[in-house]
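There are 2 protein chains.
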Amino acid sequence: MLRTHTNGELTTAHLDKTVRLSGWVASSRDHGGVTFVDLRDRWGMTQVVFSPAVSAQLHAKSQELRNEFCIGVTGTVKARPQGTTNSKIPTGQIEVQASELVIYSRAKTPPFEIGGDEHLSEEVRLKYRYLDLRRAPMQEAILFRNQVIFAMRRYLQSQNFVEVETPILTKSTPEGARDYLVPSRVNQGEFFALPQSPQIFKQILMVSGFDRYFQMAKCFRDEDLRADRQPEFSQLDLEMSFVTDEDIFAVFEALLKDVFKSCLNIDLVTPFPRFTYKDVMEKYGSDKPDLRFGLELRDVSSVFAATELKIFKETLASGGAIVALQVPQPSVTFSRKDFDDLGLFAKEQGLGGLAYLKVTDAGVDSPLAKFLKPEEIEALKKALPAASKPGDVVFFAADKKRKAHNALGQVRLKLGARLGLIPQGVYHWSWVKDFPLFNWNEDAKRWDSEHHPFTSPHPDDAAKMGVDNGNIRSLSYDLVLNGNELASGSIRIHDPEMQQKVFDIIGLAPEESKLRFGFMLKAFEFGPPPHGGAAIGIDRLLTILLGRESIRDVIAFPKTQKAVCPMTEAPSPVDFKQLRDLGIKIA
Amino acid sequence: MLRTHTNGELTTAHLDKTVRLSGWVASSRDHGGVTFVDLRDRWGMTQVVFSPAVSAQLHAKSQELRNEFCIGVTGTVKARPQGTTNSKIPTGQIEVQASELVIYSRAKTPPFEIGGDEHLSEEVRLKYRYLDLRRAPMQEAILFRNQVIFAMRRYLQSQNFVEVETPILTKSTPEGARDYLVPSRVNQGEFFALPQSPQIFKQILMVSGFDRYFQMAKCFRDEDLRADRQPEFSQLDLEMSFVTDEDIFAVFEALLKDVFKSCLNIDLVTPFPRFTYKDVMEKYGSDKPDLRFGLELRDVSSVFAATELKIFKETLASGGAIVALQVPQPSVTFSRKDFDDLGLFAKEQGLGGLAYLKVTDAGVDSPLAKFLKPEEIEALKKALPAASKPGDVVFFAADKKRKAHNALGQVRLKLGARLGLIPQGVYHWSWVKDFPLFNWNEDAKRWDSEHHPFTSPHPDDAAKMGVDNGNIRSLSYDLVLNGNELASGSIRIHDPEMQQKVFDIIGLAPEESKLRFGFMLKAFEFGPPPHGGAAIGIDRLLTILLGRESIRDVIAFPKTQKAVCPMTEAPSPVDFKQLRDLGIKIA
Numbered sequence: 000m001l002r003t004h005t006n007g008e009l010t011t012a013h014l015d016k017t018v019r020l021s022g023w024v025a026s027s028r029d030h031g032g033v034t035f036v037d038l039r040d041r042w043g044m045t046q047v048v049f050s051p052a053v054s055a056q057l058h059a060k061s062q063e064l065r066n067e068f069c070i071g072v073t074g075t076v077k078a079r080p081q082g083t084t085n086s087k088i089p090t091g092q093i094e095v096q097a098s099e100l101v102i103y104s105r106a107k108t109p110p111f112e113i114g115g116d117e118h119l120s121e122e123v124r125l126k127y128r129y130l131d132l133r134r135a136p137m138q139e140a141i142l143f144r145n146q147v148i149f150a151m152r153r154y155l156q157s158q159n160f161v162e163v164e165t166p167i168l169t170k171s172t173p174e175g176a177r178d179y180l181v182p183s184r185v186n187q188g189e190f191f192a193l194p195q196s197p198q199i200f201k202q203i204l205m206v207s208g209f210d211r212y213f214q215m216a217k218c219f220r221d222e223d224l225r226a227d228r229q230p231e232f233s234q235l236d237l238e239m240s241f242v243t244d245e246d247i248f249a250v251f252e253a254l255l256k257d258v259f260k261s262c263l264n265i266d267l268v269t270p271f272p273r274f275t276y277k278d279v280m281e282k283y284g285s286d287k288p289d290l291r292f293g294l295e296l297r298d299v300s301s302v303f304a305a306t307e308l309k310i311f312k313e314t315l316a317s318g319g320a321i322v323a324l325q326v327p328q329p330s331v332t333f334s335r336k337d338f339d340d341l342g343l344f345a346k347e348q349g350l351g352g353l354a355y356l357k358v359t360d361a362g363v364d365s366p367l368a369k370f371l372k373p374e375e376i377e378a379l380k381k382a383l384p385a386a387s388k389p390g391d392v393v394f395f396a397a398d399k400k401r402k403a404h405n406a407l408g409q410v411r412l413k414l415g416a417r418l419g420l421i422p423q424g425v426y427h428w429s430w431v432k433d434f435p436l437f438n439w440n441e442d443a444k445r446w447d448s449e450h451h452p453f454t455s456p457h458p459d460d461a462a463k464m465g466v467d468n469g470n471i472r473s474l475s476y477d478l479v480l481n482g483n484e485l486a487s488g489s490i491r492i493h494d495p496e497m498q499q500k501v502f503d504i505i506g507l508a509p510e511e512s513k514l515r516f517g518f519m520l521k522a523f524e525f526g527p528p529p530h531g532g533a534a535i536g537i538d539r540l541l542t543i544l545l546g547r548e549s550i551r552d553v554i555a556f557p558k559t560q561k562a563v564c565p566m567t568e569a570p571s572p573v574d575f576k577q578l579r580d581l582g583i584k585i586a
Numbered sequence: 000m001l002r003t004h005t006n007g008e009l010t011t012a013h014l015d016k017t018v019r020l021s022g023w024v025a026s027s028r029d030h031g032g033v034t035f036v037d038l039r040d041r042w043g044m045t046q047v048v049f050s051p052a053v054s055a056q057l058h059a060k061s062q063e064l065r066n067e068f069c070i071g072v073t074g075t076v077k078a079r080p081q082g083t084t085n086s087k088i089p090t091g092q093i094e095v096q097a098s099e100l101v102i103y104s105r106a107k108t109p110p111f112e113i114g115g116d117e118h119l120s121e122e123v124r125l126k127y128r129y130l131d132l133r134r135a136p137m138q139e140a141i142l143f144r145n146q147v148i149f150a151m152r153r154y155l156q157s158q159n160f161v162e163v164e165t166p167i168l169t170k171s172t173p174e175g176a177r178d179y180l181v182p183s184r185v186n187q188g189e190f191f192a193l194p195q196s197p198q199i200f201k202q203i204l205m206v207s208g209f210d211r212y213f214q215m216a217k218c219f220r221d222e223d224l225r226a227d228r229q230p231e232f233s234q235l236d237l238e239m240s241f242v243t244d245e246d247i248f249a250v251f252e253a254l255l256k257d258v259f260k261s262c263l264n265i266d267l268v269t270p271f272p273r274f275t276y277k278d279v280m281e282k283y284g285s286d287k288p289d290l291r292f293g294l295e296l297r298d299v300s301s302v303f304a305a306t307e308l309k310i311f312k313e314t315l316a317s318g319g320a321i322v323a324l325q326v327p328q329p330s331v332t333f334s335r336k337d338f339d340d341l342g343l344f345a346k347e348q349g350l351g352g353l354a355y356l357k358v359t360d361a362g363v364d365s366p367l368a369k370f371l372k373p374e375e376i377e378a379l380k381k382a383l384p385a386a387s388k389p390g391d392v393v394f395f396a397a398d399k400k401r402k403a404h405n406a407l408g409q410v411r412l413k414l415g416a417r418l419g420l421i422p423q424g425v426y427h428w429s430w431v432k433d434f435p436l437f438n439w440n441e442d443a444k445r446w447d448s449e450h451h452p453f454t455s456p457h458p459d460d461a462a463k464m465g466v467d468n469g470n471i472r473s474l475s476y477d478l479v480l481n482g483n484e485l486a487s488g489s490i491r492i493h494d495p496e497m498q499q500k501v502f503d504i505i506g507l508a509p510e511e512s513k514l515r516f517g518f519m520l521k522a523f524e525f526g527p528p529p530h531g532g533a534a535i536g537i538d539r540l541l542t543i544l545l546g547r548e549s550i551r552d553v554i555a556f557p558k559t560q561k562a563v564c565p566m567t568e569a570p571s572p573v574d575f576k577q578l579r580d581l582g583i584k585i586a
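Protein sequences, first through last, are from chains A and B.
Per numbering that gives the first Met the number 0, the very first residue in the first sequence carries number 0; after that it's consecutive.
Per numbering that gives the first Met the number 0, the very first residue in the second sequence carries number 0; after that it's consecutive.
Don't read these hints as lab results, they were simulated from the structure.
The reader is advised that the hints may include incorrect statements.
[Claimed, not checked] Okay, derived cross-link-like pairs now, DSSO-like style, lysine-lysine, Cα gap no bigger than 27 Å in a straight line:
1. LYS521(B) to LYS107(A)
2. LYS521(A) to LYS561(B)
3. LYS576(A) to LYS561(B)
4. LYS400(B) to LYS380(B)
5. LYS521(A) to LYS126(B)
6. LYS584(B) to LYS561(A)
7. LYS444(B) to LYS584(A)
8. LYS463(A) to LYS500(A)
9. LYS584(B) to LYS584(A)
10. LYS413(A) to LYS402(A)
11. LYS521(A) to LYS107(B)
12. LYS107(B) to LYS576(A)
13. LYS576(B) to LYS584(A)
14. LYS126(A) to LYS277(A)
15. LYS444(A) to LYS576(B)
16. LYS513(B) to LYS576(A)
17. LYS126(A) to LYS521(B)
18. LYS287(A) to LYS277(A)
19. LYS126(A) to LYS513(B)
20. LYS576(B) to LYS513(A)
21. LYS513(B) to LYS107(A)
22. LYS561(B) to LYS513(A)
23. LYS576(B) to LYS576(A)
24. LYS380(A) to LYS312(A)
[Unchecked claim] Chain A residues, not near chain B, derived (Cβ > 10 Å throughout):
25. GLN96
26. SER261
27. LYS400
C-beta: ideal position from N, C-alpha, C; glycine also.
For reference, chain A alone in the conformation it holds in the complex (with noise of 0.2 Å):
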């Protein structure tokens, strides 16, 4: 190779020995007539010095040097001298006193320093990603990010899953959002759909007897691109037979388990808690609730069975609820403004506004007070989460149930960041099992599937079907982590009779099931297995364990929220003949 050692390697171990070094110039300054050169690669960094005393020549030619500059260096080990060791990294007691130089390649000026800590704006950076990927903080994502996926292959290979690579050119999957289509050439006016996700293939795996499955799997989805998502993002897919849920979180608390231990020398605590979604909207308004604080929420509509304000009333009478949020003695006073930016923030969440009190030590002090009965007053601190005491905060959401949960749980994320209550380096995982079956779609006056159509009713609610469809429970479930939805998946259909009362309640015709995925009502006509799954998505994990602001950061070629790459310059128009030999124009 063209160096004997790497630029993180050497120590006063190597005292005298004459090495060769590769790397980037990370800096360069004359100090004394001397040229210090620090080298770089992805191992560390090595002062090399260039003196005049070895060879003027030599020296010289040290002098052309500028940052980024890709060169070999012969030399031989020395100590630095005192005073001027850096304790900083490994090499930081010695520095290479260089014979010889190759320049392998000389470096225009960078749109932005290497090593610098200034606020890059994205685009630049993804435009010169080849230099971006050269910095310390990229360095560390896509490291940490073979790492971490490397030590999920490996606990799931120890635990007899087997990864099987499913197409990538195949056909819509029905995962809801739209299809990168690609035109097919030999078959002209057809198309291949890159996959939303491999679940067909997963469950065909387990028709066909592979027991435990598990992917790192491509997926795309032609979405407009809001948040934080990508065209192409990457999950561990997993699939096994013979299963119940529980079966399921216990492979996934035990790989995560491995991997915090193996990439990041935490120890999780297993098994993860458990909730039902009904359990998390009714405390936490969320079905991904954010469990690193508390400010539970409350339904008190019973407080307020007999209330005299008008708003509450009309709210119980037209079938609503009255939810109250408890701030125990917040560690901020509120001000008016606190009270008017929380207000329109509710607005914007869809409520009318958000109601509050204020616990003294005389009673209350609201803007409401003169409508609470002194009754009411004693029997909602009864009914609040912790025990009432003055200074406590309570806001209260008056609209129907799920939307005054839902507002809620947001303005309870809003106060747990505005109050400092949401602790940093902390991992508050939790199972969210129970999710509906099936969702009403107001628009399309159908039911929906709420996960997707193979999701299994909860067998106590099997009676349900057809009925009371809005009730019904599925065996379906979410990992959560910090208030992320970080996996989902659930126990699937394997009796045909069920799968196509699923898909009459949803209102997919026959003909349209069995175009769509006709092959796998197929399969199951073969002995399907019972089965279950779960799916990771890995860049939000990375994003999170990184503390990134986005997961373009731990991505190594990413798309921009507009689906390009500025790199690339991809999407990019193609030759008319391309066009013409796939049988398509553009319209």
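Guided by the hints, dock chain B onto chain A, whose structure is given.
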């Protein structure tokens, strides 16, 4: 879980234990009023006994069972009665006396027997792939594939290689084949291309300082599927910085040694022999020689410098060559028909014919004999690869040098097979290096890159650039196994000026090179390191290791040679609305 043990697990160590098994009915038979079921899963087979003596009701239910029903059984482990044990399977000493039976799902009669060994048409196998994958040979192939790929990852991780995922939705890379295109909805009229390989991205990762990269990469080529190709295929893609070709050979050799040991318990002998392109073309008439047998070629033009034989004379006069292929004392006596068949085959390879002679005790026996002078025969015998003995047969090709070698190389393979010279179950590896940098494209009247335009010229030939393009060697290499090109790679150009020279020679105008991979040229302005790499075709490697007919037998869900999936029926028509959203029309 819905089982306490797998079907490959129970032995006499479990006698009298109550167990729960799940799996598929591999066979079910009635014997003396008792039902015997072979219960199968990925892990093995267990015999389950339903006896009316235990429960008449259970026994009656067991009679409903048909092959491929998926069931769960609770029962007690018993020793099989003497004379009924099966030493071929690990569970062959026991059986499970059932006390409970759950039919998870029923199965129609499969279109073929899962445990059968009849020949199945590939069409039926691919249509019912979910059942085909239940068959032992496919279970073996997919599990072995997983094992090999994981072994590769594990080894490369241990050597500090970092796996980086490069984009699937990207821009065309210049690999020469047709791209699969993906219309962009957000940027209508523009297209992503699926990568033919991650070539440019891996070189950019070297520019970014990742130093040692690999990826199990999905690659896509929209080719007419002659031979054994797939629209999407897997390669182990690898790139290293600061290396020579020998460093890359060493990594691949150590990798393969590790994989063969851990997956096949075979000790490979490394280093593999290195040959130059010139060597193997001259000796074997192929750049991917099958070294499992001899039958070397020799250029014997000088022997015939003064020949009377018209065809040889004319060939030499026009600058061609006479190439000989010696078959030392073949085990088979060639009949007239053998010679005729070989002559016909040679003509199919583009030769005018295939001259031959037999060495006899007296001299030679050949249609050519009368044209050969005794001193020519003597000189020929000396020129042949092996000492000439009576019984030897020698074939001759007289044509342009490259054509004569190529065609006789094909004849060599044919003879190797015909004479049973090719041992099975052995692995003959070699590196073939120093391929030509350019090939003259007679149709287009221009120089083409033999590999891709980023391949470095051999430093000893750099002065020939633009002067003697046909005789420039490159720093490229192939890994050859038993006559198959398994891997291909090169040391890349890292000098922008040299890159420009190559583009000039292949006639790539600056505006076109900028359009196609301007971002890479731009990246190379910022200190690219010396680097190189290679890629192994995973599908082909597995096909060879498993001794299968086709790469389709080592891929879970392959496409046919018509680039369709008979199971999903992809590609398929799509909604008009989808095309409208994408801004494209069917022409």
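Now for the hints, and whether the structure bears them out:
| no. | hint | verdict |
| --- | --- | --- |
| 1 | LYS521(B) to LYS107(A) | 10 Å, holds |
| 2 | LYS521(A) to LYS561(B) | 23 Å, holds |
| 3 | LYS576(A) to LYS561(B) | 21 Å, holds |
| 4 | LYS400(B) to LYS380(B) | 21 Å, holds |
| 5 | LYS521(A) to LYS126(B) | 11 Å, holds |
| 6 | LYS584(B) to LYS561(A) | 23 Å, holds |
| 7 | LYS444(B) to LYS584(A) | 32 Å, violated |
| 8 | LYS463(A) to LYS500(A) | 11 Å, holds |
| 9 | LYS584(B) to LYS584(A) | 5 Å, holds |
| 10 | LYS413(A) to LYS402(A) | 17 Å, holds |
| 11 | LYS521(A) to LYS107(B) | 10 Å, holds |
| 12 | LYS107(B) to LYS576(A) | 48 Å, violated |
| 13 | LYS576(B) to LYS584(A) | 15 Å, holds |
| 14 | LYS126(A) to LYS277(A) | 46 Å, violated |
| 15 | LYS444(A) to LYS576(B) | 21 Å, holds |
| 16 | LYS513(B) to LYS576(A) | 20 Å, holds |
| 17 | LYS126(A) to LYS521(B) | 10 Å, holds |
| 18 | LYS287(A) to LYS277(A) | 12 Å, holds |
| 19 | LYS126(A) to LYS513(B) | 15 Å, holds |
| 20 | LYS576(B) to LYS513(A) | 20 Å, holds |
| 21 | LYS513(B) to LYS107(A) | 18 Å, holds |
| 22 | LYS561(B) to LYS513(A) | 23 Å, holds |
| 23 | LYS576(B) to LYS576(A) | 25 Å, holds |
| 24 | LYS380(A) to LYS312(A) | 19 Å, holds |
| 25 | GLN96 | 21 Å, holds |
| 26 | SER261 | 12 Å, holds |
| 27 | LYS400 | 36 Å, holds |
Figure legend: structure checked against the earlier numbered hints; hints not met, in rising order: 7, 12 and 14.
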